[in-house]
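A.B. asks: Sequence:
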Amino acid sequence: HNIFIIGDSYAAALFNGLSHYIDNKGSDYIISQMTDGNAPPLFVDGKDDLQRSVITLNNNRINEIKRVQPEVVLLTWSVRGTNGVHDKKLAIDTLSLTIKKIKEASPDSRIIFIGPVPEWNANLVKIISNYLSEFKKTPPLYMTYGLNSEISEWDSYFSNNVPKMGIEYISAYKALCNESGCLTRVGNGPDFITAVDWGHLTKPGSDFLFNKIGNKIIK
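Numbering follows UniProt numbering, in which position 75 of the sequence shown is assigned residue number 75; successive positions increment by one, without gaps.
Some clues are possibly wrong.
[Stated by the list, open to error] Each pair of labels, with its calculated beta carbon distance range:
{"no.": "1", "residue 1": "His1", "residue 2": "Ser159", "range": "26 to 34 Å"}
{"no.": "2", "residue 1": "Asn2", "residue 2": "Thr56", "range": "19 to 27 Å"}
{"no.": "3", "residue 1": "Val186", "residue 2": "Glu150", "range": "17 to 25 Å"}
{"no.": "4", "residue 1": "Asn121", "residue 2": "Asn160", "range": "22 to 30 Å"}
{"no.": "5", "residue 1": "Glu150", "residue 2": "Pro190", "range": "22 to 30 Å"}
{"no.": "6", "residue 1": "Lys203", "residue 2": "Lys126", "range": "27 to 35 Å"}
{"no.": "7", "residue 1": "Gly37", "residue 2": "Asn121", "range": "30 to 38 Å"}
{"no.": "8", "residue 1": "Ala122", "residue 2": "Lys216", "range": "26 to 34 Å"}
{"no.": "9", "residue 1": "Phe135", "residue 2": "Leu90", "range": "37 to 45 Å"}
{"no.": "10", "residue 1": "Lys103", "residue 2": "Asn123", "range": "18 to 26 Å"}
{"no.": "11", "residue 1": "Asp87", "residue 2": "Pro190", "range": "32 to 40 Å"}
{"no.": "12", "residue 1": "Thr56", "residue 2": "Asn123", "range": "27 to 35 Å"}
{"no.": "13", "residue 1": "Lys219", "residue 2": "Lys66", "range": "19 to 27 Å"}
Don't read these hints as lab results, they were simulated from the structure. Every residue gets a Cβ at the ideal spot worked out from N, C-alpha and C, and that includes glycine.
Could you put the whole structure together from the sequences, leaning on the hints where they help?
C.D. replies: Written out as structure tokens, the structure is:
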């Protein structure tokens, strides 16, 4: 059993939670990972954090998927990232090329797109301290204060359109948010906040996500 993660640093942040979930289940899945900062799983002109071509990186990922023939390919990226495609319809059109290439390389793989995680308008630690100083009380576990409103729109768009591409869509946003807002921490104290910055999941955040969605990946 092999799960292959491709994408940018947002995809890399899924590793902790998935790995922990697999260990807890006593499952024999192995995780392979080809994730590079600022290199979404999209064939777009652009350079990653190390100034490498995003197209070349994605060709390398497809070649490796062809070699490994994983049971599952998991992908995600930062929709607001430098190399993200910032128009929703165009993002889907661009993704469809990646999907086509994965299906050609490894026809039996399940392809799962894990949708965007919540993002905040600043570093989450700062948002929490701003809330404390403004309202003189501990922020709620789920909140809209400082939450970026764009991500829920992307999630809705993907939920409606990604399944039409013949792949699975799992909403990380719905797993991490409710009608009161999005999850800020899974316990008390700074070690338990859900994002290391404005969006990348911490280990506790990633663990929480996979406790919610892991059973959709590992059947």
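A.B. asks: For each hint, tell me whether it holds in the structure or not.
C.D. replies: Quick rundown of the hints versus the structure:
1. His1 - Ser159: 26 to 34 Å: holds, 27 Å
2. Asn2 - Thr56: 19 to 27 Å: Hint holds: Cβ distance 23 Å, inside 19 to 27 Å.
3. Val186 - Glu150: 17 to 25 Å: Check passed, 24 Å falls within 17 to 25 Å.
4. Asn121 - Asn160: 22 to 30 Å: holds, 26 Å
5. Glu150 - Pro190: 22 to 30 Å: holds, 26 Å
6. Lys203 - Lys126: 27 to 35 Å: violated, 20 Å
7. Gly37 - Asn121: 30 to 38 Å: With a Cβ separation near 21 Å, Gly37 and Asn121 fall outside 30 to 38 Å, so the hint is violated.
8. Ala122 - Lys216: 26 to 34 Å: holds, 31 Å
9. Phe135 - Leu90: 37 to 45 Å: holds, 40 Å
10. Lys103 - Asn123: 18 to 26 Å: Given about 38 Å between the Cβ atoms, the range is violated.
11. Asp87 - Pro190: 32 to 40 Å: holds, 37 Å
12. Thr56 - Asn123: 27 to 35 Å: holds, 32 Å
13. Lys219 - Lys66: 19 to 27 Å: Once the Cβ atoms are compared, 24 Å apart, the range 19 to 27 Å for Lys66 and Lys219 holds.
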